[in-house]
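Chemist: Listed below, chain by chain, are the residues.
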Amino acid sequence: MKKNEFIKGLTEELEIETPLETSTNLKDLDEWDSMAAMLLIGYVSNEFGVTLNADDIKEISTVDSLIERIGLDKFN
Amino acid sequence: MFQEFQGVEIMAITATVPKRKILNDSFAEILSPKELRIFEKTVGIVERRWADDNITASDLGFAAANDLFEKYEVKKDEIDCLIFLSQTSDFKIPFTSNILQDRLGLKKQILCLDINAGCAGFIQGLSTSFAIAKTLQKRGKVLFIVAETLSKILSCKDRSTSMLFGDGAAAVLIGNTDAKSSSSFFNFFSDGLNSEAIQIPDGGYRNGISKESFEVVIDEKGNQKSKLNLSMDGPKVFDFTLREISASIEDLLNKSNTAKESVDFFLLHQSNQFIIKQIASQLQVSQEKALLNIKDFGNTSGVSIPLLICSKAKELSKSDKVVMSGYGSGLNWGNSIINISNAKIFKITEI
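Chains as they are written, first to last, in my numbering: chain A, 1 to 76; chain B, 1001 to 1351.
Note that these hints are calculated values from the structure, not bench results.
You may find that some hints are simply not true.
A few chain B positions that, by computed beta-carbon distances, are all more than 12 Å from chain A [what the hints assert, rightly or not]: (1) GLY1007; (2) LYS1075; (3) CYS1112; (4) ASN1116; (5) THR1128; (6) ILE1153; (7) LYS1211; (8) GLN1224; (9) LYS1227; (10) THR1241; (11) ASN1339.
According to the in silico footprint, chain B covers these stretches of chain A (three or more CB under 8 Å from chain B) [said to hold, decoys possible]: (12) 1-7; (13) 47-61.
Using N, Cα and C, we set each Cβ at its ideal position, and we do this for glycine too.
When you get a sec, could you build the whole thing from the sequences and use the hints?
Modeler: Shown next as structure tokens:
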């Protein structure tokens, strides 16, 4: 998946109203809460077959850090 | 702890819920329309039942037990033990099963026992019921009632609890039938270190009731509740379920030499649709095998598994082996593998 497609998908899935960039800290978003975390885990699992656990959720900050956790090899 | 039983079975099972439906729009004051939509999509609850003020958990359990006596042929004097499992019992003293002995017209030569347990309660209570049933004389039976009215302990202005929980009860008749086909297995786990993750802080004897107990406090997220309301550390509980449950189910499958493919259905505690689906995917079982009814009833604590069984009476009446898994306050979790092919499963009733 291309990074911009991922960002678009993420924006739709989490229903984020502000433009999302690779440097955006997800935790700073108005939309970030436990339900958003569930949406994120579900989206990443469906798209990449990667299961984010609670520690991952704690550590993830920016979109870039999320991409790194999923695995850079999955993005081209 | 690991347990194995031969020849003990669930003979019949009924469930009762209050008539009053509470829809998600009742929470419009604490959740925006968008948040409600995401809540339905993730947690998966659309409505739940809440008992009226004058209906207690034991009233729901009484109705479920009477429904069982009406629909299933059993002599009341064959019931040697009555177990009532709840966190919302009628009184502090006396314990509720003893009140139900008389209300249900059961004999005086009976063991009455209350169990205070949470969302893993059904597995804990079933294990206790099976253990007692195994030691009874011929035709002796255990009546196990699990009942909750969590609506009575919630703060309606707390987003971390109020939309999640519902009320209900179930009655389960257990007997030592000596059926050769019937093997059952249980395993249990406890993590008392995290006992504060789901708690009512005041009103016990650690922190009695004072004037401050009633004070409504607003937390950093804007949730309002008193120390007599249920409080839950959602992220901690969420984390625990995704970390521990599938591994504990695998442990039971291994110890009991049960092939995953031989299991007809996985009946997971209905706490959160997302969590149930995640556990199913961690176990690598198809989503269709992990039955759901959370949409209609929310989280009814220990009642949720028997309530799920009764709401899927049609599918489950034709099945044999099921895995059941309960997890929640304590923190505590437990699983069971039972054969339900001889169980009479009745549809949910309302009062």
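Chemist: Honestly, which of those hints from before does the structure not fit?
Modeler: 10, 12
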